[in-house]
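Visitor: Each chain, written out:
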Amino acid sequence: MDLASAKMIGAGLACIALVGAGIGIGNVFSALISAVARNPAAQAQVQPFAFLGFALAEATGLFGLAIAFLILFVF
Amino acid sequence: MALELHPLEQFKIEPLIPLHIGGLDLSYTNAALFMTAAVVLITALLVLGTRRGALVPSRWQSVAEMSYEFVADMVETNAGHGAEPYFPFVFTLFMFVLFANFLGLIPYSFTVTSQIIVTFALAAAVFIGVTIIGFVKHGAHFLRLFVPEGVPIVLLLLLVPIELLSYFIRPFTLSIRLFANMLAGHTMLAIFGGFAASVGLLAILPVALDVAILALEVLVAALQAYVFAILTCLYLRDALHLH
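Protein chains in written order, with this note's numbering: chain A, 1 to 75; chain B, 1 to 243.
Okay, chain A solo, but in the shape it has when bound:
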């Protein structure tokens, strides 16, 4: 297998990491919805944490995407 094909396959495999991002973000916002449904007054307090959690969960998925780009364009 030549390098170019291996790079394509490697980049594709690295993108599987985004599954984790999807599950994580779903978890974060499901927790936010449950929390606000139980206690609507807490929304202003909980929402900043929800956005922070979303960004951090998305970031780990994007680390996988960054590896995919690294494989494709740097090596």
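A few of these clues could be false.
To be verified - Partial list, derived from the structure: chain B residues whose beta carbon lies under 8 Å from chain A:
#1 R177
#2 A184
#3 M188
#4 I191
#5 L223
#6 Q224
#7 Y226
#8 I230
Stated by the list, open to error - Pulled from the structure, derived: some chain A residues nowhere near chain B, Cβ distances all over 12 Å:
#9 L32
#10 A35
#11 V36
#12 A37
#13 F69
Treat the hints as calculated values from the structure; they're not laboratory data. Keep in mind that this is a model prediction, so the values were computed, not measured. The beta carbon of each residue, even a glycine, is placed where N, CA and C say it ideally should be.
Given chain A, put chain B in place with the hints provided.
Guide: This is chain B only, laid out in the frame that chain A set:
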């Protein structure tokens, strides 16, 4: 019909004013142009917005004051007591990342924060600054940060390397988070835009998708600036209060 997609062309750095001094390439590039634009816009908003200084603020003054209050509140809540001297730094970081992200959303512009070197420079500044602050405030006692209390010695052999690793990975995660978000967002916009250019009447579908993704990118632009600033505050709190 071959699909000539070049989604990564938008990230190319072009020298606008070539300038070579002593073997160093110090050209004024499109990246430098947009960084200058961000700084000029932020300064204009803050200086011109608060020029009147009215007790009942005008619209621009309101925006300037709200941005100040937002970051001041964030620093106070997340970085704790001794962090007031570092508010200008966090405010600069937040506003620069916010404006750089938003400027990148203008069609045909250049997103400064989609360059890993830019985000790494910002993250390295945060990391080195926070580490120095920690050592200046606590001396050698700062290393207590990596040794949690009440842990048996056997577990410490495993825990301290893990704590060290998670500390030293901070500049990388901080920079890659912002970089990957911006890169992925703009690449997606360019790819779907390319689809719209190549199909006929069906182009309405990728264009509609592009509109939705652009809306998401506006949210992500603001959110990534917020996350960068709030993580800086949290790292500051770790350094100042050692837990």
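Visitor: Take the hints in turn and mark each one as holding or not.
Guide: Against the structure, the hints:
no., hint, in the structure
1, R177, "holds (4 Å)"
2, A184, "holds (6 Å)"
3, M188, "violated (11 Å)"
4, I191, "violated (14 Å)"
5, L223, "holds (6 Å)"
6, Q224, "holds (7 Å)"
7, Y226, "holds (7 Å)"
8, I230, "holds (6 Å)"
9, L32, "holds (14 Å)"
10, A35, "holds (19 Å)"
11, V36, "holds (18 Å)"
12, A37, "holds (22 Å)"
13, F69, "violated (7 Å)"
Checked against the numbered hints above, the structure breaks hints 3, 4, 13 and satisfies the rest.
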